[in-house]
Amino acid sequence: MPASVSLQAYLVLAAVLFAIGLFGVVTRRTTIGILLGIELMLNSVNINLVAFARYHGDVAGLVFTVFTISITVAEVALGLALVILIFRVRRTAIADHLDLLRG
Amino acid sequence: MTDSGSLALVALLLPAAAFLVLALAYPLRRSGRAAGWVSIACAAGALLAALRAWSLQTPEGMTRLAYEWIPQEAGSLASVGVLADADSIVMLVLVALISFLVQVYSLGYLDTEPRPALGRYYTYQSLFAFSMMGLVLAPGFLQLFIFWELVGLCSYLLIGYWYDRPEAARAAVKAFWITKAGDVGLLIGIVLLWLRTGTFDYLEIYDLVRAGDLPLAGLGAVTFCLYLGAMGKSAQFPLHVWLPDAMEGPTPVSALIHAATMVTAGVYLLRRTIWLFALTPDVLLIIGWVGAFTALLAAVLACVQSDIKRVLAYSTVSQLGYMMAAMGAGFAAAGFLHLLTHGIFKALLFLGAGAVIHAVGSNDVYHMGGLRRTMPQTAVVFLVGTLSLAGIPLFGGFFSKEEILGAVWSGGLALPFWMLVAAAFLTAFYMFRVVFLAFWGDPYRRPPGIGPHGAAAHEAHPHDPPPVMGLPLWLLAILSVAIGIFFVRYHPEPEFTAPGWLTPLAVAVAVGGIALAWLTYQARVVSADVLARVFAPIRRAALARFWLDDLFEGLYRGALLGFSAVVGWIDRYLVDGIVNLFSAWTLTWGDRLRRIQSGLPQDYVYGLAVGLLLLLIWVQWPR
Numbered sequence: 001m002p003a004s005v006s007l008q009a010y011l012v013l014a015a016v017l018f019a020i021g022l023f024g025v026v027t028r029r030t031t032i033g034i035l036l037g038i039e040l041m042l043n044s045v046n047i048n049l050v051a052f053a054r055y056h057g058d059v060a061g062l063v064f065t066v067f068t069i070s071i072t073v074a075e076v077a078l079g080l081a082l083v084i085l086i087f088r089v090r091r092t093a094i095a096d097h098l099d100l101l102r103g
Numbered sequence: 104m105t106d107s108g109s110l111a112l113v114a115l116l117l118p119a120a121a122f123l124v125l126a127l128a129y130p131l132r133r134s135g136r137a138a139g140w141v142s143i144a145c146a147a148g149a150l151l152a153a154l155r156a157w158s159l160q161t162p163e164g165m166t167r168l169a170y171e172w173i174p175q176e177a178g179s180l181a182s183v184g185v186l187a188d189a190d191s192i193v194m195l196v197l198v199a200l201i202s203f204l205v206q207v208y209s210l211g212y213l214d215t216e217p218r219p220a221l222g223r224y225y226t227y228q229s230l231f232a233f234s235m236m237g238l239v240l241a242p243g244f245l246q247l248f249i250f251w252e253l254v255g256l257c258s259y260l261l262i263g264y265w266y267d268r269p270e271a272a273r274a275a276v277k278a279f280w281i282t283k284a285g286d287v288g289l290l291i292g293i294v295l296l297w298l299r300t301g302t303f304d305y306l307e308i309y310d311l312v313r314a315g316d317l318p319l320a321g322l323g324a325v326t327f328c329l330y331l332g333a334m335g336k337s338a339q340f341p342l343h344v345w346l347p348d349a350m351e352g353p354t355p356v357s358a359l360i361h362a363a364t365m366v367t368a369g370v371y372l373l374r375r376t377i378w379l380f381a382l383t384p385d386v387l388l389i390i391g392w393v394g395a396f397t398a399l400l401a402a403v404l405a406c407v408q409s410d411i412k413r414v415l416a417y418s419t420v421s422q423l424g425y426m427m428a429a430m431g432a433g434f435a436a437a438g439f440l441h442l443l444t445h446g447i448f449k450a451l452l453f454l455g456a457g458a459v460i461h462a463v464g465s466n467d468v469y470h471m472g473g474l475r476r477t478m479p480q481t482a483v484v485f486l487v488g489t490l491s492l493a494g495i496p497l498f499g500g501f502f503s504k505e506e507i508l509g510a511v512w513s514g515g516l517a518l519p520f521w522m523l524v525a526a527a528f529l530t531a532f533y534m535f536r537v538v539f540l541a542f543w544g545d546p547y548r549r550p551p552g553i554g555p556h557g558a559a560a561h562e563a564h565p566h567d568p569p570p571v572m573g574l575p576l577w578l579l580a581i582l583s584v585a586i587g588i589f590f591v592r593y594h595p596e597p598e599f600t601a602p603g604w605l606t607p608l609a610v611a612v613a614v615g616g617i618a619l620a621w622l623t624y625q626a627r628v629v630s631a632d633v634l635a636r637v638f639a640p641i642r643r644a645a646l647a648r649f650w651l652d653d654l655f656e657g658l659y660r661g662a663l664l665g666f667s668a669v670v671g672w673i674d675r676y677l678v679d680g681i682v683n684l685f686s687a688w689t690l691t692w693g694d695r696l697r698r699i700q701s702g703l704p705q706d707y708v709y710g711l712a713v714g715l716l717l718l719l720i721w722v723q724w725p726r
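So the sequences go chain by chain: H and D. Take 1 as the starting number for the first sequence in the working numbering and just add one per residue. Take 104 as the starting number for the second sequence in the working numbering and just add one per residue.
Derived by calculation from the structure, the hints in this document are not laboratory data. Computed from a predicted model, the values in this text were never measured in an experiment. The hints are all genuine.
From chain D, some residues computed to sit far from chain H (all C-beta separations above 10 Å):
no. : residue
1   : Ile249
2   : Leu295
3   : Arg413
4   : Gly464
5   : Pro496
6   : Leu605
7   : Ser667
8   : Val670
Just a few of them, taken from the derived set where beta-carbon distance is under 8 Å, the chain H residues facing chain D:
no. : residue
9   : Leu22
10  : Val25
11  : Val26
12  : Ala95
13  : Asp96
14  : Asp99
15  : Leu100
16  : Leu101
17  : Arg102
18  : Gly103
Computed footprint of chain H on chain D, listed as stretches where at least three residues anywhere in the stretch have a Cβ under 8 Å from a Cβ of chain H:
no. : segment
19  : 695-701
20  : 704-710
We treat Cβ as the ideally placed atom computed from N, Cα and C, and that holds for glycine.
Next up, chain H with everything else stripped away, as it sits in the complex (with noise of 0.2 Å):
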């Protein structure tokens, strides 16, 4: 990590690309940009984690990150199947006609 870069600048861009995912999943219509703003929360947190693993000088945060990663593409695939099987059963992926649950 170059010395200029400060450790409070990895955190902000995190928080930012958190906060972008966030509002990607609360605002999007569609399941597949929902699932994307997961994807964004889930490589903010691993950002965090490379950069305290840095700061740190410890290797353990790295390791992490590499478990995460594998874990985020098997959710990605379990996320995605289910999408499909809803748009079988329900002729539609749109997160707004998907209310069910409606008390």
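Take the given structure of chain H and dock chain D to it, following the hints.
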């Protein structure tokens, strides 16, 4: 086992054992007569123990066997046990004797009963014997109250023995409620007395009274409350209305419980605690007046009854009034003596009436007549009982009745004295009315299809009862005469000096009553219709039982229905209203809160994010 206390304890526990065996051994109870024999055997044992205890008892001796029941740091709070002295032992003998004879008699009287019902009957009889003996032997108020309630229970159970008959069930409930009204007073009195003295024990309270340590202020309320209990149990005006209805039970039960023993419990209570009542002369005065009034009122009521058992029931109420009047005059021994003699001859009268009812199949004296030819033995014993009750010399009731009259006169209760004399006249009249109607005159020709039992068996000639019923009758008759003769020979020293004209007056009044009955119902010189017309207002009032039952029923209904209406309003509008309000609120708010469950995952995520944000702000807020 050699002192009267232990023997009394044996007498007390034998019927308890019989009750437990019959209550627990189901097959034995269902077997009927066998259950009866168990009960009778225990009653006989109790009688022997009681007689032996009596023979050992000296007039001044006192044995106290007490077992600590409720222990307390500062001595025992309550003890149970046996207090054997001259009074309790002689009362124990009376209870054991009548109880035994009635149980034997019942074997004949209830011979057509189904076997399980007979077993039930004897179970109750044993329980009653135990309860009554426990009451008699109680060393303190607490045990007295427990057994007081137990005899009330037995009375209820035995009045309602034929519980499938609505009148019997009604009478049982009536007896239970009305005596219970008095019992509440008794309980309050006992507790008030305990608050003052800290003990339930007769002897300890007696010592306090003797030492003058019992504060007199407000004691009248205590003794009056105790008297209320006696009033309910001993059928004093105005709580006497249950006793005539109690005749719905089997006749032996009436003889035992509602004539000889249980109804005298109130008198016995006063006899035991007369030293306490003596401290409150006002209450004694009330007792005397109420007793005399009850005696006269019940005697009037008895004159218009045609049901032989009801005549006897009112006569019991009347005689209880006599005893209470003597208590009120302050001479408890006279009242107690009448209790004992009355127990013998009234049991005799009831059992005699039972024999007649058993033979004729009807309670109505107008359905009898000429029975002295068909039932000579019953006629003789019934006549003995009647003469005893009327107070003819040489018979059981003469001396004790005269004693009461003397006591009331010496006690200074002039008007109650004359009320009692009038009642004595009426007693002789109504009893001989029954005798002349039932045992003399022409045999009653029953129109077809009339009579409560309507059984063809009773159409045949009535006849004397079998020995199992006859022997108790004869024994009681002999005892009645023996007591009369005994008191002529060994005239006990009375506590007062009766005026010399008292004996002639008492005899004259009794003979006058008999003469009037003879003129009216046998010689037919005086027409019964004319008598009825002369005393028309009283007769009408007496036939309506002086409207007391109606009054009680009206009050009871009014109070109950009024209270029910209030409770119903509270339940319907107050309790239900609050519940309805809460349920309405719940519905409204539930409906409103439902809207936040949109079912859209994004809304929930949004909520989560905002919530997390607020939480972070709250945690990080500088303070």
